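There are 2 protein chains.
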Amino acid sequence: MVKFFDYVQEDIPLVEERMREQSNGHHPDLAMALNHLLSAGGKRIRPATCLLVGRMLNADLDRTITLAAAIELLHTATLVHDDVIDGALLRRGNPTLNAQWSPGATILTGDFLFARAAKLAAETESIELMKVFSKTLAVIVNGELTQLFTSKGLVNRDDYFNRIYAKTASLFEISAYTPVYLAGGDESLLENLRTYGYEVGMAFQIMDDILDFTSAQSKLGKPVASDLRQGLVTLPAINYVENNPDDPDMQRILENNRGVDEVTIQRVVAAIRESGAIQAALEEAREFVNRGLAALELMPDYPQKAALEELALFVVNRQL
Amino acid sequence: MVKFFDYVQEDIPLVEERMREQSNGHHPDLAMALNHLLSAGGKRIRPATCLLVGRMLNADLDRTITLAAAIELLHTATLVHDDVIDGALLRRGNPTLNAQWSPGATILTGDFLFARAAKLAAETESIELMKVFSKTLAVIVNGELTQLFTSKGLVNRDDYFNRIYAKTASLFEISAYTPVYLAGGDESLLENLRTYGYEVGMAFQIMDDILDFTSAQSKLGKPVASDLRQGLVTLPAINYVENNPDDPDMQRILENNRGVDEVTIQRVVAAIRESGAIQAALEEAREFVNRGLAALELMPDYPQKAALEELALFVVNRQL
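Residue numbers (the working numbering), protein chains in the order written: chain A, 64 to 383; chain B, 64 to 383.
Keep in mind the hints are simulated off the structure, nothing from the lab.
Accuracy of the hints is not assured; some may be wrong.
Pairs count within a copy or across copies, as identical chains cannot be separated in the list.
What the hints assert, rightly or not - Once the Cα atoms are required to be at most 30 Å apart in a straight line, the calculated DSS-like pairs of lysine-lysine come out as:
hint	residue 1	residue 2
1	Lys-285	Lys-230
2	Lys-194	Lys-282
3	Lys-106	Lys-285
4	Lys-230	Lys-215
5	Lys-194	Lys-285
6	Lys-106	Lys-198
7	Lys-368	Lys-198
8	Lys-285	Lys-368
9	Lys-368	Lys-230
10	Lys-198	Lys-230
11	Lys-230	Lys-194
12	Lys-66	Lys-282
13	Lys-66	Lys-368
14	Lys-194	Lys-66
Because the structure is a prediction, the values reported are computed rather than measured.
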């Protein structure tokens, strides 16, 4: 079996190094903040995608590393602002920046990361890439604003898919297709890679939302059903409500977010787990991945396609 | 006498239109926010500089408008974040965005403006310009972070000049020299324009800091000496302290910012006004402008040089 991370495991530390360098020559606390953010880790699945596609297309390694670092830094910057907006104190079980710093310093650190992400993107020397990059930031931020202005507790499948596109799939998409700007390639290759990134990214976020219901708190680093506790309705809950529109516990949660007792929450989580809602969400995630795999099929026979296939399957098979 | 705004008065509304368009296709509240920010106005002296230099070098007008809009939007984005960090409710006498919106919505609006500024910059199709642009954002943010982490009440001339470079002169600088990337021009032209923008920008901020002491509250839209009230020491206060190191009122302000009574503040403002501190700061602003004018002299004899001269003199002669 192909281990897709094997293809890129030597390059991931180079991406992290490129990210870390971005605080050089600036206020020393920025280096500290960047170190803190990078050591919190994460799977680096976006850089891995970018590096894999870069290798597949024979893109210059140094420019691919710069591109992957730009994308991951953009992602990191949006998370920093997310956490300050939500007042979140933990992410992946680690203290957030704003758990330790003032809101002002945290906002400015996010801004600094935007600046450095833009600088790295410019260093790829591709204007097309710069345009896509700035557009993606607008999509992400527009998605967050829409979420902020939308009533909590609203159950709407379209809103959900728009939200997870803005939040997650948009970045997977650019991780997958922007290496074409470095290596060259025709429009159909670009479109197939865009589809691959989009579909895998959508599946990735659905899986995250499933794991929020099925994983133990100790593995999540946050309470089970943390989204639902905040009145944010994700696919498992949407599926459940569609089949159980009159569940009084669920109604109470949707109407009184943040004010519902633990017993009710636990009862709803158990009901969602026991219903077919999780399984149905998993099926939807697999359909997204299958469409991503179909797009891969349409591409020329690069040897790295097997690794991209494996990456897509990893997304729907991963457990916390 | 040449009226420098006459040269560009028809183009400034086009720059504002280009800025306003940036919310199209996004959440409707973003259009409202952008309208609010743009109607608050300001002198648009950065776009005027950019348009004047663009005309002087015969740059394509449409690309120059895009560039000027990108710079002004970048400036606007940093102000939006500044105001949320300071909790400021008024700017130029108008309510700030965060006076009306939640901090979260305000932070995200700033992020959206960064995204659109980057998009406009990319639309100029110049990679050099993108690099300069992202570097400038890093300089601005690094300056604000440094200010946030520096003890209030510290009197240091170098810190002051670094701060006003990051805050103001860096944007004047790129307004003046980046049209070269659109129109072409040799390294010496670029360097002379950079010097012109830098020196005029430094003078502009010193004048702002002088007017904070000399103008009536009704014209400032905020209390007189608002910086000093927050423990932020600007050039008039630095000059005053250097000549009056033992003034007990001033010592109290520097040691107890935000906690000093109005009578003490008014006494210090009167003392600064009556000393030579304001005059000395004005002299320094004029020296900056003179260096800017000297850089203009080194450039070829474009007819628009007279307008750029006038713009530089306007900066040190303006009154609120």
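Results for each hint:
1. Lys-285 - Lys-230: Only inside one copy: Lys-285 and Lys-230 sit 19 Å apart there, 40 Å across copies, limit 30 Å.
2. Lys-194 - Lys-282: Cα proximity of Lys-194 and Lys-282: none, with 38 Å in one copy and 41 Å across.
3. Lys-106 - Lys-285: Within one copy, since 18 Å is at most 30 Å while 49 Å is not.
4. Lys-230 - Lys-215: within (17 Å within a copy, 39 Å between copies)
5. Lys-194 - Lys-285: Close neither inside one copy (36 Å) nor across copies (39 Å); limit 30 Å.
6. Lys-106 - Lys-198: both (25 Å within a copy, 29 Å between copies)
7. Lys-368 - Lys-198: within (28 Å within a copy, 37 Å between copies)
8. Lys-285 - Lys-368: Neither: 36 Å inside a copy, 62 Å across copies.
9. Lys-368 - Lys-230: within (26 Å within a copy, 49 Å between copies)
10. Lys-198 - Lys-230: Classified as both; 13 Å inside a copy, 26 Å across copies.
11. Lys-230 - Lys-194: both (19 Å within a copy, 26 Å between copies)
12. Lys-66 - Lys-282: within (24 Å within a copy, 68 Å between copies)
13. Lys-66 - Lys-368: within (12 Å within a copy, 64 Å between copies)
14. Lys-194 - Lys-66: Cα proximity of Lys-194 and Lys-66: none, with 33 Å in one copy and 37 Å across.
Of the numbered hints stated above, those contradicted by the structure are hints 2, 5, 8 and 14, listed in ascending order.
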